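Chemist: Taken in order, these protein sequences are the chains called A and B. The first sequence begins at 38 in the working numbering and counts up by one. The second sequence begins at 38 in the working numbering and counts up by one.
If you are wondering where the hints come from, they were derived from the structure by calculation, not from laboratory data. None of these values were measured; they are calculated from a predicted model. There's no promise every hint is true.
Identical chains blur together in the list; that is why a pair holds if it fits in one copy or across any two.
[As the list claims (entries may be wrong)] List time: in silico DSS-like cross-link candidates among lysine-lysine, alpha-carbon distance up to 27 Å:
| hint | residue 1 | residue 2 |
| --- | --- | --- |
| 1 | K146 | K284 |
| 2 | K63 | K224 |
| 3 | K401 | K168 |
| 4 | K63 | K401 |
| 5 | K63 | K168 |
| 6 | K280 | K353 |
| 7 | K168 | K402 |
Protein chains: 2
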Amino acid sequence: MVYAVGLMSGTSLDGIDAALVDISGKNEQTSVTLIEFLTLPFDKETLKRIRQSLSLEESTVEAICSLNVELGEQFAQAVLAVCEKAAISIEQLAFIGSHGQTLFHIPVKRDHLFPSTLQIGDPAVICERTKTTVVSNFRERDMAVGGQGAPIVPYSEYVLYRSEKSTRILQNIGGIGNLTVIPKAAKQEELIAFDTGPGNVIMNELCLHFFHVEYDKDGNYAKQGRVNEALLEELLAHPYIKKAYPKTTGREEFGKQFTQSLIKRWSLSPVDLIATATMFTAQSIAIAVTPFVQGDTELIIGGGGSYNQTLIAMIKTLLPTVNVMIQEEMGYSSEAKEAIAMAVLANQTIQHGQGNIPSATGAKKSVPLGSITYY
Amino acid sequence: MVYAVGLMSGTSLDGIDAALVDISGKNEQTSVTLIEFLTLPFDKETLKRIRQSLSLEESTVEAICSLNVELGEQFAQAVLAVCEKAAISIEQLAFIGSHGQTLFHIPVKRDHLFPSTLQIGDPAVICERTKTTVVSNFRERDMAVGGQGAPIVPYSEYVLYRSEKSTRILQNIGGIGNLTVIPKAAKQEELIAFDTGPGNVIMNELCLHFFHVEYDKDGNYAKQGRVNEALLEELLAHPYIKKAYPKTTGREEFGKQFTQSLIKRWSLSPVDLIATATMFTAQSIAIAVTPFVQGDTELIIGGGGSYNQTLIAMIKTLLPTVNVMIQEEMGYSSEAKEAIAMAVLANQTIQHGQGNIPSATGAKKSVPLGSITYY
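Between the sequences and the hints, there should be enough to build the whole structure, so can you do that?
Modeler: So this is what it looks like as structure tokens:
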């Protein structure tokens, strides 16, 4: 076992997630234990500069050049902070896996643009400040073999959740819902991953509109409402629900505009609208999951939606033969999941092992991901 | 001995230099033989997009994201082409050292900008297309230990040119000019290297503006013009010329904007402007070289500017006690020099050996340079 740190800095710009893990083995034999986790928020000035470099209008080559190093320094600080919190010295670290901050992603060719992805956060800076070898730029290699560079976490999910006894379906409920199916005793190429539809996005928009709160805490509003069957029927007729996978969706499809149109056309009480939206998410998940239920099947739910008790109760009712649980019930941390995945990918790369799942990204083959900056 | 390819794509945007070498050993024991060399010109559309991404006004995060992959594809083609020319299969290659295309360079902190450098040309793409391990992003690590990230070739020059009998000053004239002083029987820490100022950049911008050609072939335009002493005086008063080394400059300082301002403010004939710019480059080199002339001293000139006969004649006149020659007169290939240096640096990194010269870059210590993308 060696200590390693995984770093993730997501598109939500909440800050830098750092997961300190104890890791050993390779491929299916990988074993990982989370030791410590923290999120280092970006300082305000840095956040302003990230937003600038994310913008088509405001980004410049100069700002991106500088931000690469600025973020490298902050990523290094997150590593130092998580080690300090765990009372582990950086000399004990074997390596760091750093996702980097995504500035842009072009999944498929359009016009004169090449399929490509841009993550920054200088690995040389992280390496020197932490005196530790860094693996970075995981997504580029998957795209170089025809993949979309996303999703990037399924390999780690495969390693951490694969079971000889049951089929495990990992359902993440963020703004959008997405799942990874790991059949019983699966080989890597048998994994299936796609977006299930809306996660919390419609519920959140309704909570913001009616109650000026960001989300339905514990599902309390939904609990007070009644599901309107006519509206639910309309929602379930959305073409995305019936579409065959692989498929991907976004806030463009189920976000503010979509929700505002519901509010205008359906004169229901706020809590009834929220209850119905909650059932829509539950149903869209149940519909996506059902074809994969075979023998012992566990549905493991993570992301913000896993704390919505009304939603979880609905899903349990809709899938009576499935063992539905949330990440924490399995002893895993939902918030640390992506940062842990970066340590798992780095562990593969250091040992010249593959890290992408072609059936999830569309890549032509399995490849090791990322570049290694040795200390 | 193993085969390796070094790739260089300079600020002059002439194309991609690819040097196929036979290399063995490490540190002072490195032995390198050039097998084959070629320059793959950029296609016009790519060149347009590079220029766009070099520009503070026109660059966008989207264009940079895409160009990274577009250049990776072209760098890979240069590798395949040089191997084909030498009738060596890519399976025989041990590794590739790729400098990348520099988009921006911030040598020292200013305002809210971090010292940083940005080279693109996706190593994952090069790696997959050539089925070969790639070492890339050499400059970042030197900057992470306080260096200016430039010059990057001195380590290779030290290995290839060190002499027991004479002081050798290697002057490269690319877009920017840079030199390396290797005192007689020098130890590594006695090397001195810095950018001398503009190389061909101003001349090239003038040629493009007035004659729609990329450069002053053989110095023919400069030969027809007369040096304007008043303009030369203004140019030589540029603070960079008097600045103490270590120092580094770039197109930001002497590029398009700088040249456009000269054209606007000085109503001289095109050939007089080109002649004066040529003399400015010659003078800036002579001023930089003079303090190091001691006993037998050879000034060995390489880069595109070494073929500008008017420029070479000017330098010879300005340095009468120095044995001025061009790389070819020493039996080395001038045009291949920087590409060979990338293979030497990659050879070091693969073996965890250092690649920067702290006395040249100002770095606090010697470090291995670059990140490794293993095939």
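Chemist: If a hint holds in the structure, say so; if it does not, say that too.
Modeler: Structure-based check of each hint:
For the homomeric pair K146 and K284, the shortest alpha-carbon distance inside one copy (13 Å) is at most 27 Å, but the shortest distance between copies (41 Å) is not. For the identical chains of this complex, K63 and K224 are intra-copy neighbours only, at 15 Å inside a copy versus 43 Å across copies, given an alpha-carbon limit of 27 Å. In this assembly of identical chains, the alpha carbons of K401 and K168 lie at most 27 Å apart only when taken from different copies (15 Å versus 36 Å within one copy). Taking the shortest Cα distances, K63 and K401 sit within 27 Å of each other inside one copy (22 Å), while across copies they are farther apart (37 Å).
For the identical chains of this complex, K63 and K168 are neighbours both inside a copy (24 Å) and across copies (23 Å), given an alpha-carbon limit of 27 Å. Taking CA atoms no more than 27 Å apart as the test, K280 paired with K353 passes inside one copy only; the shortest distance there is 23 Å, against 73 Å between copies. For the identical chains of this complex, K168 and K402 are inter-copy neighbours only, at 13 Å across copies versus 33 Å inside a copy, given an alpha-carbon limit of 27 Å.
In the structure shown, no violation is registered for any of the earlier numbered hints.
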